[in-house]
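Protein chains: 2
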Amino acid sequence: MITLNVDLDERSYPIFIGDNLLNYFLNNKNLISDYIKGKQIVIVSNETIAPLYLKKTLELFSSYQCKSVILPDGEIYKTYDGILPIINCLMENQFDRHVTLVALGGGVVGDMTGFAAAIYRRGVNFIQIPTTLLAQVDSSVGGKTGVNHPLGKNMIGSFHQPQCVIADTNTLKTLDDRQLSSGIAEVIKYALINNASFFNWLLNNMDALINRDADALAYAIKFSCQDKAAIVAADEKEQGQRAILNLGHTFGHAIETALGYGNCLHGEAVAIGMVMAADLSVRHGWIDSDTQQKIIELIKLASLPVQIPAEEKQVSVQELSRLMQGDKKVLDGQLHLVLINALGNSFITSEFDRTKLEQTLETFSTK
Amino acid sequence: MITLNVDLDERSYPIFIGDNLLNYFLNNKNLISDYIKGKQIVIVSNETIAPLYLKKTLELFSSYQCKSVILPDGEIYKTYDGILPIINCLMENQFDRHVTLVALGGGVVGDMTGFAAAIYRRGVNFIQIPTTLLAQVDSSVGGKTGVNHPLGKNMIGSFHQPQCVIADTNTLKTLDDRQLSSGIAEVIKYALINNASFFNWLLNNMDALINRDADALAYAIKFSCQDKAAIVAADEKEQGQRAILNLGHTFGHAIETALGYGNCLHGEAVAIGMVMAADLSVRHGWIDSDTQQKIIELIKLASLPVQIPAEEKQVSVQELSRLMQGDKKVLDGQLHLVLINALGNSFITSEFDRTKLEQTLETFSTK
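Taken in order, these protein sequences are the chains called A and B. So the first sequence is numbered by the working numbering: it starts at 20 and just counts up by one. So the second sequence is numbered by the working numbering: it starts at 20 and just counts up by one.
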């Protein structure tokens, strides 16, 4: 078991990464009790994950007063009203401020459970047990919680840090291939942001990752979490440099919203978004087209899309442009994008050429 | 103009109290700009207050990109979905993280606007312009925001501090008598908590307050805000002593929920709750019945009820008991109540006699 620490003063917490961690904690139940204040637990999961891991997780908390809430599976259910089943369960059981929510599932379950924890009785504790690669390397770490609005992704939410994160790599064995690739998109993001040698490691080890080699996955997860933990510790509420983690996301969120939540997986949209960021960077001469090709090659090796799927709803330049202008990275009317200077070197800027952005959007739009 | 400071490190903010403050800021617009980050404002008000003060408030922010949202008036609308008109307005206008929300109205408007500010894009700024006595002496100060759940009051929310509070005592002139009295209930609460001489001042000056004497009101507001600011500064997120501010509220919230939100004003329920706290304190011998009578006398002088209105829905012991057990002041199954040791001396305790509590509930129940 690897233990990483997210260093946020009194909100600091550990990330545990390892194979068969659920079993390990089950055999050492006293370890989990350090992260629980009261006697009450609500496990939140979804229809896909619950049949696989809910029984084991209920056992883990067998000494507590424990309820569970099963949400429908999918980004389309990550809505403002979608968290009401969690709140209603808490209210109906009169669970108090010492209750701990447990998010057992992927990014959607984690974001919704965290948001419910943030606003129930003005804030209660929660624990993340991410069961997808995407959640293990990204969404379960850093305290961003929230839900989508019909007009924009993750627009309603809170910063609310978990008490701990338990990333059991064994749960990735039940993940379908598309979900696995979606998680790898976020792993590639960390390489592109600040680590050229990790980028090369990924080029050499993508086969192993795709084939779920346990050691390769553990290394990629550890690297990603370490990177994210350091960035979050330096800028918890994204006043500045944390925004670097949004490489591919401003394009990606626009694609997700335009296609309709759930039609394109988050990581797939981020992959396309990173290709678009590379395209715009080439147009400015910040990287050459060889570098862009290397990025596209790595993304393709991960079985991820490099253009907006045409079989879904068609997406126009105008729609992408409007959705990007509504992104959280817009401040005082200025759109900020994360663009690429070199492999392993990204930067946040509002100083890019609007005509070149228009050209990128035209290249990638499908209408 | 009196300026008080709520001392919370980087979340510190001023409370401005005075007559005709809206006009004052209108004539000195640069003063308000210190509390606004971006260029965008959304004023949130309700159908009763907007016709009176919205025009003036729009003028105050005339140099900003300014929109307004008018909510229906009443506690019954303080629901989870009730804040969606605010969120939708923000989304439709693509307002960014630098937007400032302005709550123009009473406690309901303030709580809802504050909650919307807490969760829009994971948190934006807001300013309180409370127009009721209750909001000026209590709810606009301290950062408690939120909405009701059908099963309990204020169960969904956040701690989110405003940038400043502008309490214009002139707005109290348009308040109806029942609303004025409701606010006085919270003023009486501060006296009962920790200040016997303020209790005596209230006995001597209740006529002046009821008749809206400007000096008396200003004194009572200043005293109340000072008291609340000190308590909040010492315990922002109610880990301990801040709970003293809930004198009368655990009983009161149960009454409000049992009668149906809006059938009994918040301050009226708190008044009855304080009489019930006094009753339970007498049963323990912590105060004598002369002291209880003095409390009842003061509450009656404020034209506030001292028992649950019988003309509304009838309320049973069982219902009150169940609702109190669901209160936010319950921890690990233990109900905590604020009870009274002497005039101007209250304390938080879970060590009271359950049979005596039952007797108090029986005395006050109407079914």
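No lab work stands behind these hints, which were simulated from the structure alone. Predicted, not measured: the structure shown is a model, and the values here were computed from it. The C-beta atom is built at its ideal place from N, Cα and C for all residues, glycine as well. It is possible that part of the hints are untrue.
Unchecked claim - Below, computed lysine-lysine pairings styled on DSS-like, alpha-carbon distance capped at 25 Å: (1) A/256 to B/348; (2) B/86 to A/58; (3) B/86 to B/56; (4) A/74 to A/256; (5) B/256 to A/56.
Unchecked claim - For the chain A half of the interface with chain B, some residues (derived, Cβ under 10 Å), not all of them: (6) 71; (7) 75; (8) 99; (9) 138; (10) 139; (11) 168; (12) 192; (13) 194; (14) 196; (15) 197; (16) 249; (17) 253; (18) 257.
Here is what the structure says about each hint:
no. : hint           : verdict
1   : A/256 to B/348 : violated (30 Å)
2   : B/86 to A/58   : violated (46 Å)
3   : B/86 to B/56   : holds (16 Å)
4   : A/74 to A/256  : violated (35 Å)
5   : B/256 to A/56  : holds (16 Å)
6   : 71             : violated (31 Å)
7   : 75             : violated (26 Å)
8   : 99             : holds (7 Å)
9   : 138            : holds (5 Å)
10  : 139            : holds (7 Å)
11  : 168            : holds (5 Å)
12  : 192            : violated (33 Å)
13  : 194            : violated (28 Å)
14  : 196            : violated (32 Å)
15  : 197            : violated (28 Å)
16  : 249            : violated (20 Å)
17  : 253            : violated (17 Å)
18  : 257            : holds (8 Å)
In the structure shown, a violation is registered for the earlier hints numbered 1, 2, 4, 6, 7, 12, 13, 14, 15, 16 and 17, in ascending order.
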